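Q: Sequence:
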Amino acid sequence: MKFFTSYLSIFCFIFALSFGVGCDSTSKRRHVSIGTAPIGGAFAPVGNAIADVVGRNISEKNWEVAATSTKGTQENIRLLVSKDGEIEFALANAAISYFAVRGEGAWKTKHPIASVMTLAPNVGIFVTPKSTSIRSIADLKGKRVVVGPAGAGFEYFLRPILEAHGVTYDDFSDLNDTYSGAVDLLANGSAEAAFMGGAIPTPAVKQATATQDIIFIPFDETAKHSLVEQYPFFHPITIPAAAYENVLTEPFETMNVGSMHIITAENADEDMVYNFAKTLYEHRAEVVKAHPAGKAINEKNAAKDVGTPFHPGAIRFYKEIGIWPE
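Residue numbers (numbering that gives the first Met the number 0): 0 to 325.
Heads up, a few of these hints could be off.
Claimed, not checked - Derived CB-CB ranges, DEER-like:
| hint | residue 1 | residue 2 | range |
| --- | --- | --- | --- |
| 1 | Arg101 | Lys129 | 17 to 27 Å |
| 2 | Asn187 | Glu269 | 47 to 57 Å |
| 3 | Ser189 | Ser135 | 16 to 26 Å |
| 4 | Leu247 | Ser132 | 33 to 43 Å |
| 5 | Glu269 | Asp212 | 23 to 33 Å |
| 6 | Ser189 | Gly321 | 26 to 36 Å |
| 7 | Lys82 | Gly165 | 41 to 51 Å |
| 8 | Gly165 | Asp212 | 23 to 33 Å |
| 9 | Arg55 | Asn187 | 41 to 51 Å |
What the hints assert, rightly or not - DSS-like, lysine-lysine: derived pairs with alpha carbons at most 30 Å apart:
| hint | residue 1 | residue 2 |
| --- | --- | --- |
| 10 | Lys27 | Lys82 |
| 11 | Lys318 | Lys60 |
| 12 | Lys70 | Lys107 |
| 13 | Lys60 | Lys107 |
| 14 | Lys70 | Lys303 |
| 15 | Lys303 | Lys288 |
For the record, the hints were derived by calculation from the structure and aren't laboratory data.
Bear in mind that the values here come from a model prediction, so they are computed numbers and not experimental data.
Glycine is no exception: its CB is placed at the ideal position from the N, C-alpha and C atoms.
Using the sequences and the hints given, assemble the complete structure.
A: Rendered as structure tokens:
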């Protein structure tokens, strides 16, 4: 046994010298977690797809990549910058990231996060049963409105939207629930309207349009212009009628209320971020097979500025392939 152990040690030593690696590969395993969000929106399926694609294709074969279900952007940001660094990457809403990195709004301090890749637009839609009297965002006054899960941070983009329409949270009864929960609340009459957002098509919106007679509430054009002027994460966007054929007979004009983007800690390892961005971008077609939001991973969108500075590892990759906006 001693002879065998000595022989194995010598073999490992020679192997390490020859190839620059050690025999104990498990000690070098890199566990890479990607924070997502509750089911019902696009974060969960897109995050799962990204984890699968990066995990299967990363050149660093010692990576173990997995999506981690969380409460959403706010928790993801806290997990990224926590002392223990509980996750390495996360999906986030660009509006929430914008305020977090600046320490504004309810964020008491600046949170050191950085962008890795800009993904699909977060297409915001207010929905209401056709039977209600709600036909504009101003009509939400005095109504019961679902404004997203508690602690998810939707107020970072909802407050500016409401204020641009002359509405505040004090003007209606705000209800907290997931998108899936909002569909149920609309169905049983507990809610009269709900905000939903995500990549097109958003699962919960599809569910609502398939099971209920609902309509989409439009944004006021003047309000849209004001929002775009004030914040870098708001953009006008058009939903094709085919996306929600049970409701739309023509394209619907609404707003990107903060793109989905991938973030990491500001001090994350540069090579790790570079390899992650490179692998995801080069294999983006595989993400599309899992969710249409993968189409947003392209040369026009990936390096788009949405208000949070990019990580040096991501910048290195985008400069390398010639899509970094100088």
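Q: Which of the stated hints cannot be reconciled with the structure, identified by number in ascending sequence?
A: Hints 1, 4, 5, 6, 13 contradicted; others consistent.
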